[in-house]
Structures are given as C-alpha cells and as structure tokens.
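So the protein sequences, as listed, match chains A and B. Every letter in the first sequence is one number past the one before it in the working numbering, and letter 14, counting from 1, is 14. Every letter in the second sequence is one number past the one before it in the working numbering, and letter 19, counting from 1, is 1019.
It is worth saying that the hints were derived from the structure and are not from the lab. Heads up, none of these hints are tricks.
Just the calculated beta-carbon pair ranges, DEER-fashion:
#1 B:His1188 x A:Gly10: 16 to 24 Å
#2 B:Gln1189 x A:Arg32: 38 to 46 Å
#3 B:Ala1202 x A:Arg32: 44 to 52 Å
#4 A:Ala26 x B:Trp1241: 20 to 28 Å
#5 B:Phe1179 x A:Arg40: 48 to 56 Å
#6 B:Tyr1178 x A:Glu46: 47 to 55 Å
#7 B:Leu1149 x A:Glu46: 35 to 43 Å
#8 A:Glu41 x B:Gly1055: 55 to 63 Å
#9 A:Arg32 x B:Gly1190: 44 to 52 Å
A short, non-exhaustive set of chain A residues, derived as facing chain B with CB atoms under 8 Å:
#10 Leu4
#11 Trp6
#12 Ala19
#13 Glu23
#14 Arg31
#15 Ile35
#16 Arg37
#17 Glu41
Note that the coordinates shown come from a computational prediction; the quantities given were computed from them, not determined experimentally. Idealized CB from N, CA, C, for every residue including glycine.
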Amino acid sequence: MTDLHWTFIGAAYGLTAVALVVEIVALMQRRRRAIARVRREREFDEDGLGV
Amino acid sequence: MMTRPRMNAFRFAAPQTFYPLAGRLVPWFAALAAALAAAGLYVGFGIAPEDFQQGEVYRIIFIHVPSAWMAMFTYLVMAGYAVLTLGFRTRLSAMMCRALAPTGALMAAISLWTGAIWGRPTWGTYWVWDARLTSTLILLFLYIGYIALVAAIEDEQRADRAGALLLLVGVVNVPIIYFSVKWWNTLHQGASVSLTAAPKMAATMLTGMLLMSLAAWMYTIAASLHRVQSIILERERHARWVRQLFA
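Please put together the full structure from these sequences, using the hints given.
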C-alpha cells in the first residue's frame, strides 16, 4: 500500500515539476522572441524600409 | 520657496518605469521561491510524520493546497487589475492581467490534477462532480476563456476591456469555491486551515504547507513579472525607450 502511495506522490510531484519547467521555458522563449522582434523592426526602420 | 521632493506613487504605473523595476525584482522572487520550496519540501518529506489515517499519500497536500490557494488568489488579483483597467484605463494593469493569467491557469490545473491523483487512493476515484471540484474546474475554464478572449480580439485595448469584464463576471466563482465545502455536502474535506479556528493538522504539516504556499506565491510573482516584461516589449516595441534598450 505504501509503495502505491509513493507512486501517486511521484505522479503528482513529477507532473507538477514538468509543468513548471514547461512554463519557465515558455517564459524564456517569449522574452527571446520579444527582444528579437524589437531588434528586427528597429533595423527595418533604420534601413528606411519601414513606414 | 523650496518644495520638498515627493515620491510619486503612480510613477511605476508607466510601463517605461515598471519594466526595469520588474527586471530587478524577478531574480529575488525566483530565488525566494526556490529557497522556500526547498525548505517546504524538506519539512514536508523529512520532518512531517505520516498521517494516521491516510498514510504517506497525504504529502500531496504540499502542492495541492498551495496551488489551489494561488489559483484563487491570482484570480482575485486579476479582478483587481481589471477594475483599474476599466476604471482608469491604465495600460499596465491590463498587461498585468495578461501576465498573471497563464500562471493562474497553471495553478488551477495543478490543484485539479494533484487533487485527482490524491483522490484515487483516498476516495477510490479520480473525479466526482462535487461542488469544490466542479467550481475549481470552472475557475480553470475562466482562466482559459480569458486567455482565449484577449488573444482573439485584434485591437489590444478592446481586448483588454473585454477581458477585464470577463474577469469581473467570473470573480463570483472565487467565494463559491472557498465556501463550497460549507454550503454543500461535499466529498472534498472542509478547510484544514482557517483564520478563525485552530488548524486541524500537526504543526510540522502546517509549516510545510505554509512554506510551500509562500514558495508558490513567490513563483507566481516572479513568473508574472517576467511575463509582463515580455508583454511590455511586445506592445511598446515602437517606443524610443524600448529601442534604446536593445541598441
């Protein structure tokens, strides 16, 4: 019974850890994309190609 | 006549001044979250005893309860920002709503799946249409609905106002979740911790749970501040100050 309990505990904590890692990676990627967009649009405007 | 310099409390309502402040705060909140989680897990798994009724499986409480509390509290904070968005049309408050929503949704999802996993060995089922479980599921749907609504409307200001309205309509669900175990006969147990009554659990269990709750709180703040910085960059990307940041 105790082993089964630890399986449930492992599933709960494991899934939560995976979800938190996924969120942190998504946060990093969003920041990287936002910075890349700022740089790209600035260069585009500086080249005289923008509006 | 000399005028005394006064601190302008509204200075940080401007994205331009809030962006660097958020950047300075994120590492501190993230470090606090990690330290508190480490302490909470140590107390929860190393010190807190086995439960006399449930055995070891009760240790799911150390993520289930903090995530459920955070899901409800985050929604209340978002509703507060929604009032500011609708009442004062402050740009940052709408951005904060958008920044908080994914983490709030994640907290609601964590509370639901950890509850389901805990329910199987203790109740004999992963799910019942009990008032507490159902109202928490509705909270998750409200989060998803908010995220989908603001993403579906192209005009950002219209999206912000529509989202704020949805948040205010949905806030009625939070007291329903909280009081559901008192108002209805539920399979879900009643509150173990209350401001008006002594806790119904051992001190070490309570300490572990409170440490993990503080960790969830710090994590939510860190993640939201990090996300709001990205939102500010996305929205203000044509502003001179943003372009100078990455010159």
